[in-house]
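Protein chains in written order, with this note's numbering: chain F, 64 to 465; chain P, 64 to 465.
Don't read these hints as lab results, they were simulated from the structure. Keep in mind the model is a prediction, meaning the values are calculated, not measured. Errors might be hidden in some of the hints.
The list makes no distinction among identical chains, and a pair is therefore deemed to hold if it is satisfied within one copy or across any two copies.
Think about it this way: if two alpha-carbon atoms lie no more than 16 angstroms apart in a straight line, the pair counts; the simulated EDC-like pairs of lysine to aspartate or glutamate are [as the list claims (entries may be wrong)]:
# : residue 1 : residue 2
1 : K297      : E91
2 : K116      : E80
3 : K186      : D206
4 : K365      : D333
5 : K150      : E119
6 : K254      : E290
7 : K116      : D78
8 : K95       : D230
9 : K254      : E464
Protein chains: 2
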Amino acid sequence: MSLIVQKFGGSSVADAERVFNVARIVTETYDKGNDVVVVVSAQGDTTDELIAKGQEINPNASKRERDMLVAAGEQISISLLAMAIEKLGYPVVSLLGWQAGFQTSSAYTSARIRRVQPNRIRKELDKKRIVIVAGFQGLSKYDDITTLGRGGSDTSAVAIAAAMHADLCQIYTDVEGVYTADPRKVKNARKLKDISYDEMLELATMGAQVLNNRSVEMAKKYNIELEVLSSLVKAPGTIVKEKSRMEKMLISGVAKDTEVARLSVIGIPDEPGLAFKLFSKLSAKNINVDIILQSIGHDNKKDISFTVSADRAEEAKNVLADYVENIGAKEIVCNTEVAKISIVGAGMESHAGVATKMFEALYDAQINIQMIATSEIKVSVLINKKDADRAVTAIHDKFFEE
Amino acid sequence: MSLIVQKFGGSSVADAERVFNVARIVTETYDKGNDVVVVVSAQGDTTDELIAKGQEINPNASKRERDMLVAAGEQISISLLAMAIEKLGYPVVSLLGWQAGFQTSSAYTSARIRRVQPNRIRKELDKKRIVIVAGFQGLSKYDDITTLGRGGSDTSAVAIAAAMHADLCQIYTDVEGVYTADPRKVKNARKLKDISYDEMLELATMGAQVLNNRSVEMAKKYNIELEVLSSLVKAPGTIVKEKSRMEKMLISGVAKDTEVARLSVIGIPDEPGLAFKLFSKLSAKNINVDIILQSIGHDNKKDISFTVSADRAEEAKNVLADYVENIGAKEIVCNTEVAKISIVGAGMESHAGVATKMFEALYDAQINIQMIATSEIKVSVLINKKDADRAVTAIHDKFFEE
Numbered sequence: 064m065s066l067i068v069q070k071f072g073g074s075s076v077a078d079a080e081r082v083f084n085v086a087r088i089v090t091e092t093y094d095k096g097n098d099v100v101v102v103v104s105a106q107g108d109t110t111d112e113l114i115a116k117g118q119e120i121n122p123n124a125s126k127r128e129r130d131m132l133v134a135a136g137e138q139i140s141i142s143l144l145a146m147a148i149e150k151l152g153y154p155v156v157s158l159l160g161w162q163a164g165f166q167t168s169s170a171y172t173s174a175r176i177r178r179v180q181p182n183r184i185r186k187e188l189d190k191k192r193i194v195i196v197a198g199f200q201g202l203s204k205y206d207d208i209t210t211l212g213r214g215g216s217d218t219s220a221v222a223i224a225a226a227m228h229a230d231l232c233q234i235y236t237d238v239e240g241v242y243t244a245d246p247r248k249v250k251n252a253r254k255l256k257d258i259s260y261d262e263m264l265e266l267a268t269m270g271a272q273v274l275n276n277r278s279v280e281m282a283k284k285y286n287i288e289l290e291v292l293s294s295l296v297k298a299p300g301t302i303v304k305e306k307s308r309m310e311k312m313l314i315s316g317v318a319k320d321t322e323v324a325r326l327s328v329i330g331i332p333d334e335p336g337l338a339f340k341l342f343s344k345l346s347a348k349n350i351n352v353d354i355i356l357q358s359i360g361h362d363n364k365k366d367i368s369f370t371v372s373a374d375r376a377e378e379a380k381n382v383l384a385d386y387v388e389n390i391g392a393k394e395i396v397c398n399t400e401v402a403k404i405s406i407v408g409a410g411m412e413s414h415a416g417v418a419t420k421m422f423e424a425l426y427d428a429q430i431n432i433q434m435i436a437t438s439e440i441k442v443s444v445l446i447n448k449k450d451a452d453r454a455v456t457a458i459h460d461k462f463f464e465e
Numbered sequence: 064m065s066l067i068v069q070k071f072g073g074s075s076v077a078d079a080e081r082v083f084n085v086a087r088i089v090t091e092t093y094d095k096g097n098d099v100v101v102v103v104s105a106q107g108d109t110t111d112e113l114i115a116k117g118q119e120i121n122p123n124a125s126k127r128e129r130d131m132l133v134a135a136g137e138q139i140s141i142s143l144l145a146m147a148i149e150k151l152g153y154p155v156v157s158l159l160g161w162q163a164g165f166q167t168s169s170a171y172t173s174a175r176i177r178r179v180q181p182n183r184i185r186k187e188l189d190k191k192r193i194v195i196v197a198g199f200q201g202l203s204k205y206d207d208i209t210t211l212g213r214g215g216s217d218t219s220a221v222a223i224a225a226a227m228h229a230d231l232c233q234i235y236t237d238v239e240g241v242y243t244a245d246p247r248k249v250k251n252a253r254k255l256k257d258i259s260y261d262e263m264l265e266l267a268t269m270g271a272q273v274l275n276n277r278s279v280e281m282a283k284k285y286n287i288e289l290e291v292l293s294s295l296v297k298a299p300g301t302i303v304k305e306k307s308r309m310e311k312m313l314i315s316g317v318a319k320d321t322e323v324a325r326l327s328v329i330g331i332p333d334e335p336g337l338a339f340k341l342f343s344k345l346s347a348k349n350i351n352v353d354i355i356l357q358s359i360g361h362d363n364k365k366d367i368s369f370t371v372s373a374d375r376a377e378e379a380k381n382v383l384a385d386y387v388e389n390i391g392a393k394e395i396v397c398n399t400e401v402a403k404i405s406i407v408g409a410g411m412e413s414h415a416g417v418a419t420k421m422f423e424a425l426y427d428a429q430i431n432i433q434m435i436a437t438s439e440i441k442v443s444v445l446i447n448k449k450d451a452d453r454a455v456t457a458i459h460d461k462f463f464e465e
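Make a model of the complete structure from these sequences and hints.
Put into structure tokens, the structure is as follows:
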């Protein structure tokens with residue numbers, strides 16, 4: 064008998080029919096003699112609808128009240144799923160985040176899980192009940208409802224799996240697993256049998272929205288085996304674990320991120336410490352910078368370009384307005400018509416020429432590279448947004464067609 | 064400085080505009096230097112919508128899961144109201160039933176409040192915050208969400224007022240107070256300045272849906288002064304308290320209840336104990352019987368008729384099916400085309416002829432009386448449903464026009 068944690072996203076429980084589909088997956092797992100803990104997100108667009116209701120009343124509402132509002136979404140989905148499982152004739156109980164023992168920080172709307180105390184879950188499993196847990200939410204030390212931020216249900220599932228030493232944590236989603244590229248865009252995209260935590264992390268960071276990043280970090284830390292699979296198609300998914308069997312494969316995937324913006328500070332005087340000041344101002348506001356390019360201009364001036372996520376671009380520009388004026392730089396320019404294309408693979412570490420091959424693919428497709436960044440297991444390039452899909456196909460085919 | 068508990072029903076917070084209307088009433092009370100605790104129901108039709116969602120999945124879902132589902136409604140309304148009050152610039156915090164200290168029985172969907180431990184509310188009031196509490200919900204000793212059943216938010220408000228020794232408990236609703244008859248139906252209906260708990264109880268039981276009965280019982284028990292008033296019209300409402308100043312008035316109101324059914328068991332053998340058995344079968348299922356009429360038939364057979372609330376009529380009929388067969392009665396007949404009209408007033412105790420005057424009014428209007436029940440402070444009659452409004456007006460005018 065194994066303990067299996069299964070997580071279902073909002074689209075998997077969007078309506079009554081899908082709720083029953085999930086109920087069938089869960090009860091089939093239970094019928095095989097497993098203890099089953101199910102983590103569910105809010106149904107379909109519920110979270111967005113609740114946020115819109117709040118925005119209508121007060122766009123500047125406190126984060127504490129926003130969490131109170133939004134957390135109602137999972138309360139609805141867990142009870143509906145429990146009702147469906149009851150209908151199929153199985154013993155079941157639904158638990159809110161706080162009932163399931165999720166203790167979090169007090170950073171409302173983006174709280175971090177401090178601890179999961181699964182006493183109640185264990186008690187319910189001992190009664191041979193299927194346990195449905197509200198993902199995405201927990202309780203602060205002030206006994207207030209918190210939420211973990213977007214994608215937090217993945218993290219909830221992995222946290223339960225870690226706290227309870229689960230044998231497997233299955234992340235059900237609307238794709239059949241992790242692919243070498245977006246299968247809706249690249250016709251030759253292939254599903255991976257397995258992938259390492261590190262590769263998955265790079266893919267997630269690079270815009271492949273299959274798994275929430277924090278959940279993969281946590282799975283790596285506690286060595287929880289994840290399986291990414293479809294709630295609609297019955298087929299084995301992709302296993303995410305410490306060592307991928309396919310590590311000999313050069314790269315495991317091509318990812319695209321269009322939610323990115325390039326900021327360029329033009330005409331920075333060539334003095335020591337000015338670049339440091341620039342990035343410390345951004346980090347003080349928790350704005351993450353990704354690719355950085357410094358270019359020598361003329362007259363002892365230089366330009367610094369960097370990428371941030373598109374939704375923070377305006378804020379980053381404002382944060383730096385004073386800086387630009389104080390140091391006597393010329394201006395700050397923002398470009399959102401860019402995309403970041405990345406290749407990821409543990410095999411890169413031991414194979415030279417991977418980056419070259421990627422650049423060759425782009426050259427063949429006549430796509431201009433604006434910026435480049437590399438790490439041990441990834442290469443990212445910044446290009447024009449309009450070329451993004453073409454670039455992914457070109458790179459994918461270059462690596463996987465051979 | 065006083066502590067004031069204010070309760071707003073679902074229609075008072077049905078949309079953003081009404082939420083702000085409530086926010087204004089609350090902050091005006093706060094501005095006068097009062098501590099304010101606000102109890103809110105779910106918005107408009109939210110509760111019904113959630114129930115329908117659950118019904119679609121599983122009409123026989125456990126009551127525990129039904130409560131989990133439905134309790135999401137108040138979570139939405141309390142956070143929205145808190146956001147509106149934040150928008151007006153006031154310090155505020157919303158609390159769920161369990162956060163506010165509501166401990167209830169484990170009778171899901173109709174739980175009873177065992178205790179309110181208002182430590183958290185007090186702590187928040189000490190910080191000079193307006194406290195918004197989710198009505199209608201609490202926590203069982205198993206740490207599970209419970210609901211109090213329809214109208215439970217009134218009870219929540221009175222329970223907080225009792226636990227915190229509030230100076231006043233205001234029940235805001237969509238009428239301006241307690242009237243001598245339904246003002247939408249009877250043009251001469253008058254608003255009462257005050258009314259005693261007992262009179263209010265009889266009116267509530269008799270179908271005047273202004274206040275939930277349990278809330279009035281609790282207010283009487285703990286001697287909490289209630290005020291029933293409108294959230295839309297700024298005007299003094301009706302005070303409900305121990306002794307009404309208007310006790311010399313013969314009757315305080317005429318009420319109509321159309322959610323009633325008459326059941327008749329025909330042809331019961333005239334043996335001792337059979338009536339007792341009939342009613343004990345109903346009370347075993349918690350089906351309340353109101354008016355009872357026993358008539359002697361012929362051949363040593365008798366008929367027993369009684370009224371139950373319309374939504375339990377079918378169940379009552381089923382519960383009695385075996386009984387009817389076993390004792391050799393002829394049949395059981397159900398009639399839902401009936402209405403109960405009641406007059407209520409503490410003045411009846413000391414005035415003879417009140418019932419006669421009521422019957423006279425009905426006679427003048429040519430309305431047939433099917434059954435009669437009386438107590439110290441009320442007289443109820445059962446009539447055809449189609450005559451109900453006409454009967455109320457006739458009786459009201461007979462007593463109040465003079």
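Hint by hint, work out which the structure violates, then give me just those numbers in ascending order. Structure breaks no hint.
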